[in-house]
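**Student:** Sequence:
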Amino acid sequence: MSYYSFDPGKSSNMAYSTTVIPSNLSPEIRKLLNSEGFHHIYQNFVNKLPMKVFLIEDEPIALNRLKQMISDSGYSVEIAGDADSVDTALEWLRTHDSPDLILTDVQLADGTCFDLFNQFQPNCPVVFITAFNHYAVEAFKLNAKDYLLKPLKQEDLDNALEKVKKQMTPALTNLDYVKLAQAILKEEQKFDRRYLIRYGEQVRTVQSDEIAYIYTTQKAVFLVLFTGKEYPLDKTMDQLEKELDPKKFFRINRQFIVNLKSIGNMHVVSKSRVQIDLNPPFKQDDVIVSTEKSPLFKEWLGGE
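Note that the working numbering gives residue 135 to position 99 of the sequence shown, counting from 1, and the numbers run on in steps of one.
Take the hints with a grain of salt, since some may be wrong.
Said to hold, decoys possible - Here are the simulated distance ranges between beta carbons: (1) R101 to R230: 53 to 59 angstroms; (2) E335 to E114: 31 to 37 angstroms; (3) K199 to L332: 23 to 29 angstroms; (4) Q104 to K199: 16 to 22 angstroms; (5) T131 to K271: 56 to 62 angstroms; (6) E335 to I97: 15 to 21 angstroms.
Unchecked claim - Simulated crosslink set (BS3-like; lysine-lysine; CA at most 25 angstroms straight-line): (7) K283 to K334; (8) K334 to K319; (9) K278 to K307; (10) K307 to K265; (11) K297 to K284; (12) K329 to K255; (13) K284 to K319; (14) K265 to K103; (15) K319 to K265; (16) K189 to K88; (17) K201 to K329; (18) K284 to K334; (19) K103 to K88; (20) K278 to K255; (21) K271 to K201; (22) K271 to K307; (23) K265 to K284; (24) K329 to K307; (25) K201 to K186; (26) K297 to K319; (27) K189 to K202; (28) K319 to K271; (29) K255 to K202; (30) K284 to K189; (31) K278 to K265; (32) K255 to K88; (33) K255 to K265; (34) K186 to K278.
No lab work stands behind these hints: they were computed from the structure. The model shown is predicted, which means the values in this text are computed figures rather than measured ones. All residues carry an ideal CB built from backbone N, CA and C; glycine is no exception.
Using the sequences plus the hints, can you model the full thing?
**Tutor:** Structure follows, in structure tokens:
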């Protein structure tokens, strides 16, 4: 598999771009795209975009088999085009936007793919497919990291697609900003939860932003609000961990889920453990981040 540097002058659907958010968007959409949840939603949103692949294969039967294997791979892949020779591939690449990946047979009807790349420098990764090992030497001269041997196996193709997918990020210029803003809003609303609290003969609702921290003791779960009031809740800690906004709440150990705003002073009690002063104070025992959660807790505090 050969990876070429991306040319920012020629847009690729998946090429990384530092393009700023367009100024012609409405203020509401721009506000959402600049919101705290943008990067998290952006990554989820763009991961669903199809990878555009250009195929170079001079044997029709082999081409159809390759297309079927791509379809069977389970990845979201769009066949951007195909060619059966150096000349037709060169014409396509010069007249179309860069694909996200080129899958090419080495031996073509009018030469080899190396003849093509001597005339055209691709802006995307290239996977070489060949029945002959000696072509690997030429592939590695072009900084190839891998190549696939015929007869092509589904597992090998899947691994190649996975490697390329992991290293690609869609350009901002190719996104539907309205849909992205809607996705951000939907994600933020998903964590805007309220809980029904029953205590004695009374019933009330609690918004998630009112919760300072949650703790469990003797198989019972309790919410502690920033006002200092405490209520029992008919939920498990595992359920609450999934329901609460991970940017605002963190499960520091098996007994506690804390709101970022409830954290006061922190004290290092060992190389990998941290004691937390909560607000309002928890007076029953020391609140300590578990050894297992400490590295993730530090990343969370730093906004990572």
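**Student:** Against each hint, give a clear statement of whether it holds in the structure.
**Tutor:** Status of each hint after checking the structure:
1. R101 to R230: 53 to 59 angstroms: 55 angstroms, holds
2. E335 to E114: 31 to 37 angstroms: 35 angstroms, holds
3. K199 to L332: 23 to 29 angstroms: 27 angstroms, holds
4. Q104 to K199: 16 to 22 angstroms: Roughly 21 angstroms apart at Cβ, these two residues keep to the hinted range, so it holds.
5. T131 to K271: 56 to 62 angstroms: 58 angstroms, holds
6. E335 to I97: 15 to 21 angstroms: 51 angstroms, violated
7. K283 to K334: Answer holds: K283 to K334 is near 13 angstroms, not above 25 angstroms.
8. K334 to K319: 24 angstroms, holds
9. K278 to K307: Judged against 25 angstroms, a Cα distance of about 29 angstroms means the pair is violated.
10. K307 to K265: Answer violated: K307 to K265 is near 34 angstroms, above 25 angstroms.
11. K297 to K284: 8 angstroms, holds
12. K329 to K255: Given pair K329, K255 holds - Cα atoms ~21 angstroms apart, limit 25 angstroms.
13. K284 to K319: 23 angstroms, holds
14. K265 to K103: This hinted pair is violated, its Cα atoms lying about 62 angstroms apart.
15. K319 to K265: Holds, at roughly 14 angstroms.
16. K189 to K88: Status holds; Cα separation ~21 angstroms.
17. K201 to K329: Violated, at about 29 angstroms.
18. K284 to K334: This hinted pair holds, its Cα atoms lying about 14 angstroms apart.
19. K103 to K88: The given pair, whose Cα atoms are some 13 angstroms apart, holds under the 25 angstroms limit.
20. K278 to K255: At roughly 18 angstroms apart (the allowed maximum being 25 angstroms), K255 and K278 satisfy the hint.
21. K271 to K201: 38 angstroms, violated
22. K271 to K307: 33 angstroms, violated
23. K265 to K284: Answer holds: K265 to K284 is near 20 angstroms, not above 25 angstroms.
24. K329 to K307: 13 angstroms, holds
25. K201 to K186: 22 angstroms, holds
26. K297 to K319: 18 angstroms, holds
27. K189 to K202: 20 angstroms, holds
28. K319 to K271: 23 angstroms, holds
29. K255 to K202: Measuring from Cα to Cα gives roughly 41 angstroms; hence the hint is violated.
30. K284 to K189: 45 angstroms, violated
31. K278 to K265: 23 angstroms, holds
32. K255 to K88: It is violated: about 51 angstroms lies between the C-alpha atoms, which goes past 25 angstroms.
33. K255 to K265: 20 angstroms, holds
34. K186 to K278: 46 angstroms, violated
Hint check: violations occur at hints 6, 9, 10, 14, 17, 21, 22, 29, 30, 32 and 34; the rest are consistent with the structure.
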